[in-house]
Amino acid sequence: MEKVINDYISRELVPDPALLPLANDTLLLDSGILDSLGLLRIVVFLEERFGITMGDADLLPENFATVNAISAYLRTREPGKEAAHG
Amino acid sequence: MAYLLQRLLTDAAARQPQRAAVASDGCLLTYQELDRQSNKVARALLRLGVAPGDRVGILAPKSCAAVIGLYGALKAGACYVPLDPKAPAGRLGHIVRDCGATAIVADDARRSQAADLATAAPLPLRVVVVGVPGRPEGEETAGVPAQDADVVPWTAVAGESGQPLAEERTIETDLAYILYTSGSTGTPKGVMISHRNSLTFVDWAAATAGLSEKDRVCSPAPLTFDLSVFDIFATCHACACLTVLPDGAATFPVSIVRFMAAERISVWYSVPSVLTLLACYGSLQQFDLPDLRVVIFAGEVFPPKHLTRLMAELPRPRYLNWYGPTETNVCTTFEVPAGWADVQPTPIGKACANTEVFAVTGEGRRVSRPGEQGELYVRGPSVMRGYWGQPAKTAEALVSNPFRAASDEFVYRTGDLVTLEPSGDFVFLGRRDSMAKIRGYRVELGEVEATLYRHPAVQDAAVLPVPDELLGSRLRAVVTADGRDLTREDVLEHCRQWLPGYMVPDIVEFRKAMPRTSTGKVDRTRLAQEQNELEPARDAGPDKG
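Residue numbers (the numbering used here), protein chains in the order written: chain X, 1 to 86; chain P, 87 to 631.
Incorrect hints may appear among the rest.
[Claimed, not checked] These stretches of chain X come out as covered by chain P in the derived footprint (C-beta under 8 Å, 3 or more residues):
id, segment
1, 10-21
2, 48-57
3, 68-78
Hints are computed from structural coordinates only; laboratory data are not their basis. Remember, predicted model here, so these are calculated numbers, not experimental data. Yeah, the Cβ is synthetic: ideal placement off N, Cα and C, and Gly gets one too.
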């Protein structure tokens, strides 16, 4: 899962090749990789790739801080764990 | 007394010296401090030989330093040219050369970037650093050689006198700023706005939004975007407080709403796509936002269902739809009635005070009956002076008033197609040419295509907008290569070297051959139809259950 997300961000959102390769614990906000447009794009990607629907309770800085954080968040959204979604 | 933007500040400092003028990232400037600090920057610029009419770049995000810098430039008699620190170096270099800037005012963090830009420009270009008053210079100082004679450090600027300058160096028809927007031939073009042009909007906007000294005004629009004229100057007009949304908070809808609540924002101005995000993902039901009294949106069409949802979640504020290209600033306005639940597009409304708008049909008649369609024209004191250094482009955009043959007046042809409602309001229908809006930013598809053609392996390129409820449009590039291996990553990396992020295509599609019309032109209609069949317009946000 980390690889899928890392690949997507590396390919689509990293504005400067100097930031590659992207580590899974790189802070996506502080490094300027994730802006509001990038957030929308990754939301659409995650919804399509993982078959989930994200609501406003999901779009929080802590869920998108790093590749690892996105993966951890997605694991709470895996089938059968939908109750975790407020 | 001349009608000048910098007078707004000197007047505010005289009326309300101790009121907060700018709050940004922990920095709070009173009107008196802003006035004094900008006097210092003006003196530093004059010492470098900046003369009336000179162009001064501002390389800083919206912040205390940027506002000090741009008022300093105006007080020195210069016109300011906002430079987006996140834009590629090639694009910034082009803008600096194109406008022939004589100086760049940069904040401390952008000091090396400004020095690099100055070194690369074939111009005698000096850099003036603006720090935050009361704070020492940042770590950037260490990276710049002390003997760098082209950089005036903040310590030197801060040593200048903060007393008012003895004389005004400008009159109201002089340029106040140049805003660079996307240009169809491949390079950005500079829209020249005079003090009078700008103040026509500023005076009207402050009155229409009912701004007072109690207001806390916020707009996420960067300085390069003309929405920023409202929060910088109309706020000052009212002695209100310009409150800057920090970069980190702008990414997440919930963070924006938390910021609005914590900072008690009373007036908000943004493109609709930001408000769509707040409506869909902002957890608005958890926040009351009791201070928010006016919400203004401009720059693109607000999808009606998201506007309805926003107004249902936040019923208290007034909602204003403002319309106007950078060339005229806002020229029409529509106040959305409470309880608005229309499925039709929100009208762009009627002309602002001191401005006139009219639509001209394909046959050259003035649109006068409801349901008629035509291209919108704007006349009045807010219409720009022209495009910097581009008389041919200026002549295409500023034309003789078709209904006042005897007058020597020029009116602005917007390129926007509109229709007239029975109420007398105009409704925006679309563009006459190939311009798209991405989150309110104008994107000339020709500029993106010209950039693609610069890649040595690209043979043919066409760029089309794909409608998107959240983003306004996404960009789809259709490319043919000349036999060499060309990947999507190659194309995107090439685009990122030349174009700001919002102009980089989202979708890259390779073809063996480009579909063409019988006259040999790229068949855009066919490309657009294929896209529609491939992927219907994407919807935004989950429905509230």
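> Failing hints, ascending?
Replying inline: 3
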